[in-house]
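Peer 1: Please take these sequences and the hints and turn them into a complete structure.
Protein chains in written order, with the working numbering: chain A, 1 to 627; chain B, 1 to 198.
Don't take every hint at face value.
What the hints assert, rightly or not - Not the full set, but computed from the structure, chain B residues with beta-carbon under 8 angstroms of chain A:
| hint | residue |
| --- | --- |
| 1 | G95 |
| 2 | E152 |
| 3 | V177 |
Claimed, not checked - As a list, the in silico EDC-like pairs of lysine to aspartate or glutamate whose alpha-carbon atoms are at most 20 angstroms apart:
| hint | chain 1 | residue 1 | chain 2 | residue 2 |
| --- | --- | --- | --- | --- |
| 4 | B | K58 | A | D599 |
| 5 | A | K390 | A | E79 |
| 6 | A | K286 | A | D363 |
| 7 | B | K141 | A | D363 |
| 8 | B | K88 | A | D178 |
| 9 | B | K81 | A | D599 |
| 10 | A | K410 | B | D128 |
| 11 | B | K88 | A | D264 |
| 12 | B | K58 | A | D178 |
| 13 | B | K53 | A | D178 |
| 14 | A | K461 | A | D432 |
| 15 | A | K461 | A | E498 |
| 16 | A | K7 | B | D150 |
| 17 | B | K81 | A | D483 |
| 18 | A | K286 | B | E192 |
| 19 | A | K472 | A | D582 |
| 20 | A | K532 | A | E545 |
| 21 | A | K542 | A | E574 |
| 22 | A | K523 | A | E498 |
| 23 | A | K542 | A | D483 |
| 24 | B | K53 | A | E168 |
| 25 | A | K542 | A | D509 |
| 26 | A | K286 | B | D151 |
| 27 | B | K58 | B | E164 |
| 28 | A | K542 | A | E579 |
| 29 | A | K461 | A | D424 |
| 30 | A | K286 | B | E164 |
| 31 | A | K523 | A | E534 |
| 32 | B | K81 | A | D600 |
| 33 | B | K81 | A | D178 |
Keep in mind the hints are simulated off the structure, nothing from the lab.
We put the beta carbon where it would ideally sit given N, CA and C, even for glycine.
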Amino acid sequence: MSSVLTKFVDWLDDRAGVRTILREMFYERVPGGARWRYVWGSTLVVVFLTQMITGAFLWMFYSPSAQTAWESVFYIQYEVSGGWLLRGIHHYMAHAMVMLMGLHFAQVVWDGAYRAPRELNFVIGLILMHIVFALALTGYLLPWDQKGYWATNVSTNIASLAPVVGPEMRKLAVGGADYGHHTLTRFFALHAGILPWTLVLFLVAHVALFRRHGLHAKQPSRAADAMFWPDQLLKDSVAALGVLGAVLMYAIYGGGPELTAPADPSNPYNAARPEWYFLFLFQFLKWFPGELEVWGAFVIPGLIVTLLFLMPWIGRSRAGHLFNVGLLTVILGGIAVLTAQAVWADHYAAWFPRSDANAARFDASQAFLAAEEQAQREAQRVIALARAQKIPPTGALTLARTDPYLQGPKLFSQHCASCHSHTDDGESADPDQQIVPPEPRAPNLFGVGTRTWVSNILDPKQVNDSDHFGYKGSPFADGTMVDWVQSNVGDIAPDQLEKVIAALAAESDHPGQMALRKSDTEKIAAGVQLIKEEIGCTDCHKFHEVDYEGGAPDLTGYMSRRWLLSFIRNPAQERFYGENNDRMPAFGPHDNPSLNQLDDQSLELIVDWLLTRWYKPERGAAAAPSK
Amino acid sequence: MSNKNNQPSDRQESPDNRRNFVAAAATVLAGALALLTPFCAGFIAFLSPLFRKNSSSKVRVALLRQVPADGQPRSFPVTTKRIDAWTKYAQQRIGSVYLIRQSSEEKPTAFTAKCPHAGCFIGYTPGDALFRCPCHTSAFKLDGTRSRGDDEVAPRDMDQLPVELRRVATAAGNDDVVEVWVEFIEFQTGREEAIPTA
Numbered sequence: 001m002s003s004v005l006t007k008f009v010d011w012l013d014d015r016a017g018v019r020t021i022l023r024e025m026f027y028e029r030v031p032g033g034a035r036w037r038y039v040w041g042s043t044l045v046v047v048f049l050t051q052m053i054t055g056a057f058l059w060m061f062y063s064p065s066a067q068t069a070w071e072s073v074f075y076i077q078y079e080v081s082g083g084w085l086l087r088g089i090h091h092y093m094a095h096a097m098v099m100l101m102g103l104h105f106a107q108v109v110w111d112g113a114y115r116a117p118r119e120l121n122f123v124i125g126l127i128l129m130h131i132v133f134a135l136a137l138t139g140y141l142l143p144w145d146q147k148g149y150w151a152t153n154v155s156t157n158i159a160s161l162a163p164v165v166g167p168e169m170r171k172l173a174v175g176g177a178d179y180g181h182h183t184l185t186r187f188f189a190l191h192a193g194i195l196p197w198t199l200v201l202f203l204v205a206h207v208a209l210f211r212r213h214g215l216h217a218k219q220p221s222r223a224a225d226a227m228f229w230p231d232q233l234l235k236d237s238v239a240a241l242g243v244l245g246a247v248l249m250y251a252i253y254g255g256g257p258e259l260t261a262p263a264d265p266s267n268p269y270n271a272a273r274p275e276w277y278f279l280f281l282f283q284f285l286k287w288f289p290g291e292l293e294v295w296g297a298f299v300i301p302g303l304i305v306t307l308l309f310l311m312p313w314i315g316r317s318r319a320g321h322l323f324n325v326g327l328l329t330v331i332l333g334g335i336a337v338l339t340a341q342a343v344w345a346d347h348y349a350a351w352f353p354r355s356d357a358n359a360a361r362f363d364a365s366q367a368f369l370a371a372e373e374q375a376q377r378e379a380q381r382v383i384a385l386a387r388a389q390k391i392p393p394t395g396a397l398t399l400a401r402t403d404p405y406l407q408g409p410k411l412f413s414q415h416c417a418s419c420h421s422h423t424d425d426g427e428s429a430d431p432d433q434q435i436v437p438p439e440p441r442a443p444n445l446f447g448v449g450t451r452t453w454v455s456n457i458l459d460p461k462q463v464n465d466s467d468h469f470g471y472k473g474s475p476f477a478d479g480t481m482v483d484w485v486q487s488n489v490g491d492i493a494p495d496q497l498e499k500v501i502a503a504l505a506a507e508s509d510h511p512g513q514m515a516l517r518k519s520d521t522e523k524i525a526a527g528v529q530l531i532k533e534e535i536g537c538t539d540c541h542k543f544h545e546v547d548y549e550g551g552a553p554d555l556t557g558y559m560s561r562r563w564l565l566s567f568i569r570n571p572a573q574e575r576f577y578g579e580n581n582d583r584m585p586a587f588g589p590h591d592n593p594s595l596n597q598l599d600d601q602s603l604e605l606i607v608d609w610l611l612t613r614w615y616k617p618e619r620g621a622a623a624a625p626s627k
Numbered sequence: 001m002s003n004k005n006n007q008p009s010d011r012q013e014s015p016d017n018r019r020n021f022v023a024a025a026a027t028v029l030a031g032a033l034a035l036l037t038p039f040c041a042g043f044i045a046f047l048s049p050l051f052r053k054n055s056s057s058k059v060r061v062a063l064l065r066q067v068p069a070d071g072q073p074r075s076f077p078v079t080t081k082r083i084d085a086w087t088k089y090a091q092q093r094i095g096s097v098y099l100i101r102q103s104s105e106e107k108p109t110a111f112t113a114k115c116p117h118a119g120c121f122i123g124y125t126p127g128d129a130l131f132r133c134p135c136h137t138s139a140f141k142l143d144g145t146r147s148r149g150d151d152e153v154a155p156r157d158m159d160q161l162p163v164e165l166r167r168v169a170t171a172a173g174n175d176d177v178v179e180v181w182v183e184f185i186e187f188q189t190g191r192e193e194a195i196p197t198a
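Peer 2: And the structure:
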């Protein structure tokens, strides 16, 4: 067998000279023997290869367009078998690459390994470092989620400040004036094509020059010279495995790389921050007011980078080398301090109580934390929807925008909450759904259409409280309804009252009531009869065919979708409050939708939200990746 | 591999030298043409965003009755048709404006919510005396001027947008509806003057 192998290798060697190539690859002399401190260069190569491998597989799933980028990343993360691990490795390996590069660079400067004849290779190394930064920046946008979208928006806006060609550069990077399909196609072409291949080109040159000059041995030598194969390569491989181990730990136990909600140009992400390794630049910019920004964004970083490129020449003398080491320390220290400052400013409210002295700082941090938390909840919700309902061709943003659970609170806050509150006093209250106006001037609309809601209104103690007819300035506080409830309900037998409540609630399209309409038919039918004929509701209210034109709102289909839609469109209709409507605006009285305050979709979202007609995931099924 | 023997060794053989120069020049030219042509074709396509003009449109953002004359900012989404390369969105929210109406005025003032610093969305909490940008801590007074003047990170005050009121007769013919229209202009960020992005 071995003779066959030998013959084959001989054959290959004759034609391709493989033995020489292998010998040159592996039999590099390592002066002073193999050492752990020499592993970082090789480790970086392995890390880069990992990115090429995982990147190529991710490429098989990823689709760059405004309707498919988030969707395909979602699919990788939650539906593809092992997709979460693949993306996790790619994501955290990128972090490892930035850290290892910092380490490699610091070591080269510290050891003065940039001195002649290695100047050119040092320069190539710095170019490689910038390519890696560019890869990190372009990769951050590709999931097209809120975080990447808004953070990259800020960085490209800052790039547009570059002297002379800034705005044009931005346009070319973004692929137009606004973010869209072409931002993704361009960033993806850079991230998966141009940048990695440029990196390969420079990496080949970097390694070739490294081989040509030999390893920059750390003096004094501690052992006899050794060969790269197998001594140093073993250490390199162990180090590479160590890095992979750390990355796997993060990918498996770190909760996986985040995927925030799909990018929405109209829904600002107020916690937009760059990835942690660019946080120092973000913080640095806060120091430069107004047009001085150019100094923070270009001039000073540009000067520092120029100094870095000049290091080999500055470092020719001993004093120069000391200067370089000093500069390195200042840069790394500065980065550490700025990063800590940024984290400190954002998380301040989580660590310290509010006082008058720190109010501004506390509030800004509080706003950041709240925005981050809300963004997380939104992301979880959209992911749960995408998993349960799949994604329509218009993209996952449609899921978010047509979801009453997500849009209801926003629309209610904007259009209804200057008067109405929506608060649940129960123990399991959902914090996202609590809306309290500074000064409620209309009923609390939480739970409309439920039996609880109806029974509260028919409760002599509650009918006149601030959640119902007793709100501030209410003309109904001592009106006919309150008077009727307080004088008559006590006389109705409890079991009869229960039937009335069941019947009136059953008119609504609340999902719970829709189920009860099928299961509790007898009680409801009895209640309907009581309302129509016995207890006196129909003296004032219309109820189905019984209509004495008493002037109070029609109870037919009370709190059904149609009833609510019609009511909100125009509460001053004869069917509802007529002339008694003293404060509620008509949100959609016109047939021409452009004349209305609220469009049909918003109206429906508000109504469906009030009736809790939204997708409810089973407990725990929300957003766990399919591990 | 060496072909030293074939090479002309001195200057006396000038016709050959000349011939070699022409050959070298032709090689470079042919190679360059072969590679540059596809590159140029791609590069021209790459530059295409620079040739497209960006125009701002007038958008109806609210009804006047939604903007009480109390000097308080109210946020309204800006929704209009938008074309992104091959996709046409019939109605898409492209931004947000704050409308503020003083008691003495009929016409509200409109500020775009886009921060003049780096384009983040400026936030406003009802009751607050300032607009606040969540990104780099810029703050603006309710008249849009920078809270700390030139010490603010933002290089200029909030961008004001032209407002137009349009009266529309309703089908019923009783009350006219007054609409607030805003010309939604995108401005370049980070500059002292407000320059529209062209």
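Peer 1: So which of the earlier hints does this model not fit?
Peer 2: 14, 16, 17 and 30
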